[in-house]
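Those protein sequences? They're chains A, B and C, same order as listed. Going by my numbering, the residue at position 143 of the first sequence is 143; the numbering climbs one at a time, nothing skipped. Going by my numbering, the residue at position 26 of the second sequence is 420; the numbering climbs one at a time, nothing skipped. Going by my numbering, the residue at position 38 of the third sequence is 826; the numbering climbs one at a time, nothing skipped.
What the hints contain is simulated information worked out from the structure, not anything from laboratory work. Treat the hints loosely; a few may be bogus.
Okay, the calculated bits of chain B under chain C, using three or more residues with CB under 8 angstroms as the criterion [as the list claims (entries may be wrong)]:
#1 424–431
#2 436–445
#3 452–464
#4 618–627
#5 745–756
Below, in silico cross-link-like pairs of lysine to any residue (SDA-like), each with a Cα-Cα straight-line distance of 25 angstroms or less [what the hints assert, rightly or not]:
#6 B:Lys768 / B:Asn612
#7 C:Lys1100 / A:Phe109
#8 C:Lys1142 / A:Thr40
#9 C:Lys888 / A:Asp44
#10 C:Lys967 / C:Asn1006
#11 A:Lys100 / A:Lys113
#12 B:Lys711 / C:Asp871
Between beta-carbon pairs, the in silico distance windows are [to be verified]:
#13 C:Arg1009 / B:Asn637: 44 to 50 angstroms
#14 B:Gly703 / A:Leu360: 37 to 43 angstroms
#15 B:Trp686 / A:Lys82: 55 to 61 angstroms
#16 A:Gly39 / C:Trp1080: 34 to 40 angstroms
We put the CB at the ideal spot given by N, CA and C, even for glycine.
As a plain string of letters, each chain reads:
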Amino acid sequence: MKSVIAVGMLLTTTAFNNVYASETQVKTDGGISISILDGTFSFDLGGRLMIDAAFYDEDKNPLGDGTELRRARLELGGTFFKDWGFDLDVDFGAGRGDVKEGVIYYKGFKPTKIIFGHTKEPFSLEWHTSTKHTTFMERALNNVFLGERRIGIRTQTSGQSWSAAAGVFGESFKADVDKEGNEGWSTAARFTLAPLHSKTRSVHLGLAGAYRSPNSDNEVRFRARPESHITGTRYVDTGTITNVSNLGVYGLEAASVFDAFSLQGEYIHTDVSREDGFSDVAFNGWYVYGSWFLTGESRPYKAKNGSFGRIKPKSQKGAWELAARYSVLELNDGPITGGEEKNITLAINWYLNKQTRLLLNYIIVDNDQDANAKGNAVGNDDPNIFQMRFQVDF
Amino acid sequence: MKSVIAVGMLLTTTAFNNVYASETQVKTDGGISISILDGTFSFDLGGRLMIDAAFYDEDKNPLGDGTELRRARLELGGTFFKDWGFDLDVDFGAGRGDVKEGVIYYKGFKPTKIIFGHTKEPFSLEWHTSTKHTTFMERALNNVFLGERRIGIRTQTSGQSWSAAAGVFGESFKADVDKEGNEGWSTAARFTLAPLHSKTRSVHLGLAGAYRSPNSDNEVRFRARPESHITGTRYVDTGTITNVSNLGVYGLEAASVFDAFSLQGEYIHTDVSREDGFSDVAFNGWYVYGSWFLTGESRPYKAKNGSFGRIKPKSQKGAWELAARYSVLELNDGPITGGEEKNITLAINWYLNKQTRLLLNYIIVDNDQDANAKGNAVGNDDPNIFQMRFQVDF
Amino acid sequence: MKSVIAVGMLLTTTAFNNVYASETQVKTDGGISISILDGTFSFDLGGRLMIDAAFYDEDKNPLGDGTELRRARLELGGTFFKDWGFDLDVDFGAGRGDVKEGVIYYKGFKPTKIIFGHTKEPFSLEWHTSTKHTTFMERALNNVFLGERRIGIRTQTSGQSWSAAAGVFGESFKADVDKEGNEGWSTAARFTLAPLHSKTRSVHLGLAGAYRSPNSDNEVRFRARPESHITGTRYVDTGTITNVSNLGVYGLEAASVFDAFSLQGEYIHTDVSREDGFSDVAFNGWYVYGSWFLTGESRPYKAKNGSFGRIKPKSQKGAWELAARYSVLELNDGPITGGEEKNITLAINWYLNKQTRLLLNYIIVDNDQDANAKGNAVGNDDPNIFQMRFQVDF
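The following block holds chain A by itself, in its conformation from the complex (with noise of 0.2 angstroms):
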């Protein structure tokens, strides 16, 4: 039986329920979001799948076609007390339950943010830029530099055209709490100015900074895939480097929007310096590269935090994309060889709503001879790559 019936903190003296029946609401676009009184306490529950399949064209070692879930998140964040606020983000994609964001934060400083928990360090366009939004399937090489997510305080606060903000942080909530030895910990910030921005015309430059100290172990190793996450194979690594004092990192970030055409490049640059007259070395990675829609749209660009965000297709048809990326890491420096690579990426995305999008990227690598993964694989590797993946976020 289906009755119709209103929904609501309902109270039965009509003029309170006047004070909610006009600011409370509940919607859905695929995922749940439940606000009262104007947003002083709310929440919202969503998520985003992620179903990638690649294909290997091989050169001179096996990659490993396959399929995989390369996220399957569970999203929920809330509003209390007006001023509070929490977000916990899961992902089940490697078959576990990894925390991604989880944090607590006080937005009653506005602008300025600070938040509590296991977050990104400030640090890089493309990084803050969500993977349910980012051009490509996977971020670009020098993406290595970063890491992972950690626990720490970052406070964040913007302007009309800029944004800034620094962080201090321990380590991934994954790092093994059962060690007797002491955590590693870093600061970060960014500060990012967009000279130029309004609906469909930006532009974006950023500056980043962070120092890092390693854990008691002091030891710090790099190394990556060739943008595709399938394969296990990491042509460039750096392996283990031993008696690392600590890490200065350093990043440059532009792009540009011009109606539905768009620009962005990073480099970073990493120092590592070591104790006990182990040689310093430092290595670094960039990409750049052009975004074109046919359909016209252009890539929302965030001032308030300096990242790009969601494509909204014009037409019922969707939105498509092409788009093409260099990109450069390298991890030779004086006695440690981990290698170049240098990467060729082209693509093609198909918004087919503002939700739902398949993701298409034609990769070509050029790996140097020390790019062998530490000596597990045949140096001078040149392998193409094709690989998709269909995504949704709700």
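Dock chains B and C against the given chain A, drawing on the hints supplied.
Frame of chain A, contents of chains B and C only:
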């Protein structure tokens, strides 16, 4: 019962809000269901919890009495833009976060549906009947030939009295994404016909076939627990079969409901083709069972996808069902001596209400000499098993 | 697509709607709560997030400063057909999906409730007080005798000023389901009495006992962290005690609230009976603590289940609490030299609002010579620990 909430009546003064007025619904019957504009957008959150206990009347081998959370599942589903939908189910019964159904689908070409993601191969009546509704606690022994959900594409369609489905698949989302070898893949199809189906009487016939190519290890293994999950002992076990080029799997289904009585049976045959001069082998298994509702309910047949659905007790006292199953799995062929197992299961099911049920199973196990868990158990073991389950879904 | 839902005003539309209108509610205070027909059907979705950091003033052993997501929990609960309910809580703090409460219950025989599934043995005041509300970051050392939730059946009832609960249990859902040996089992009962309990003044007395039979390994082990979870060091550790036939556990509880002041204490004694001529051993632990709310709040006592509940700050500024605990665990007896630990904990708690709190604990640890983590640490170690937690529940 479901109570439906219509909202927005307050806003009937304006045309805009009027659109939503009579068409937004919020329901709960223990879970959450929200729907807007007759389901143009909707979201459902539910789950299931199954609490098991098993007691083993041991014969030759120890089996290990115990308890278990057989399933503790969170289930999200939604519709967006009318024709698109998703499902994301995660099970926590094993203390991990195992994705079960994880799909995006398009249902715009009614009655045809195209499904992308982590889902079941179209195969087997019992496998396509949800564990919320299966007559016995565990599916029959021959379910061993089906394995797990896989990542792929499935399409299905149906008529008034038939259903057809076919798909192409990779491996389960749990298949190691770091392996350099290629994943296995498979293709499967299923056709079901219901020459007769009314509310209380139906006849079901089904036919299914699958072709599977193993991953680059070229290995396959079939082994099954004695229709009881708490013990880890798998008497029937082919061990690893090497040099496998491909599998051919064939299934026959038949079922009939006559008011409170029903019969169901399935036969599944598997051909294992091997290369490099290794001899081909073939295995098979089948079951047949009968069910009788003392309280007069009928098992609800769903012709549109050839499966059975939820039992709704006729009275406040709930529904009572008696059932018996004979199940056989034959894993002996040529060089492979995986053993043969024959089980008789007697069942009493009490459906306290449409969401809660108590299951009692008594299993009489008859193993042959080769059913020795590849030498890890004594063969010819004939234990009896008493197990029960308390289940809720919401 | 979003739709604004107005509530309550259906009261004014038709009598038909009016029937339901006054009985249906959708709420959020950071989570979701839906209720229909005065709770005949209802669903709640919430959770908790606890972000910890610890700094160790080490004495003889390294302990390892660090951060942690102590709890990141998703909590579902519901009612259906008025008398039935379920709870399914999953914790992701460890990067898995650990089921905590996972139960189906029947509450038709008010005030008696029958609970099936994964739940707590009825034992201990502090253990039955949710970690959302416990006065200190970690429960006292003697909590080691209680262990984890177990799968079983528990029944509880209560009067105006007393509660009683008893149950029979198997093992935790995490106990290996593949073990051939039988699971352990236990039975436990708890009775609490509140000779006095008003809103701001109460006296609690409690008595509990448990009998436990270990699994087929006939082994048991007691070990505890120093009331700090980030270090993995467990100074007090009996090691594996073999040939155990059964355990007898006894507990005494007392607590009192006098306006802003409260006292609480528990003593737990465990007899370990051993067979095959191995000598029986006995261990015990106890704690006592006092708490004072500078801002005048009272710890809310719930006589119906003999536990304490949520602190609701009286003012916008939140509530401030000072507390001190003395805690002892004695694991030395006869051949077992598990060591003795005595901790003093000083606490400052700031309840920012009814859902958010900041906890600061300073722990002065006093270990004896045998408290050496079974030889993995230096005995007689007396570190001091500073730890803090930021917590939200929604």
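Against the structure, the hints:
1. 424–431: Check passed, 5 qualifying residues.
2. 436–445: Answer holds; 4 residues pass the 8 angstroms Cβ test.
3. 452–464: holds (count 9)
4. 618–627: It holds: at least three residues are needed, and the stretch 618–627 of chain B offers 5 whose Cβ sits within less than 8 angstroms of chain C.
5. 745–756: With 4 residues in contact (Cβ-Cβ under 8 angstroms with chain C), the coverage given for the stretch 745–756 of chain B holds.
6. B:Lys768 / B:Asn612: holds (20 angstroms)
7. C:Lys1100 / A:Phe109: Holds - the C-alpha atoms of phenylalanine 109 (chain A) and lysine 1100 (chain C) are around 24 angstroms apart, at most 25 angstroms.
8. C:Lys1142 / A:Thr40: holds (14 angstroms)
9. C:Lys888 / A:Asp44: The given pair, whose Cα atoms are some 23 angstroms apart, holds under the 25 angstroms limit.
10. C:Lys967 / C:Asn1006: holds (14 angstroms)
11. A:Lys100 / A:Lys113: holds (19 angstroms)
12. B:Lys711 / C:Asp871: The given pair, whose Cα atoms are some 13 angstroms apart, holds under the 25 angstroms limit.
13. C:Arg1009 / B:Asn637: 44 to 50 angstroms: 46 angstroms Cβ-Cβ, so the 44 to 50 angstroms window holds.
14. B:Gly703 / A:Leu360: 37 to 43 angstroms: Between glycine 703 (chain B) and leucine 360 (chain A), where Cβ atoms are some 39 angstroms apart, the hint holds.
15. B:Trp686 / A:Lys82: 55 to 61 angstroms: holds (60 angstroms)
16. A:Gly39 / C:Trp1080: 34 to 40 angstroms: 36 angstroms Cβ-Cβ, so the 34 to 40 angstroms window holds.
The structure meets every hint from the earlier list without exception.
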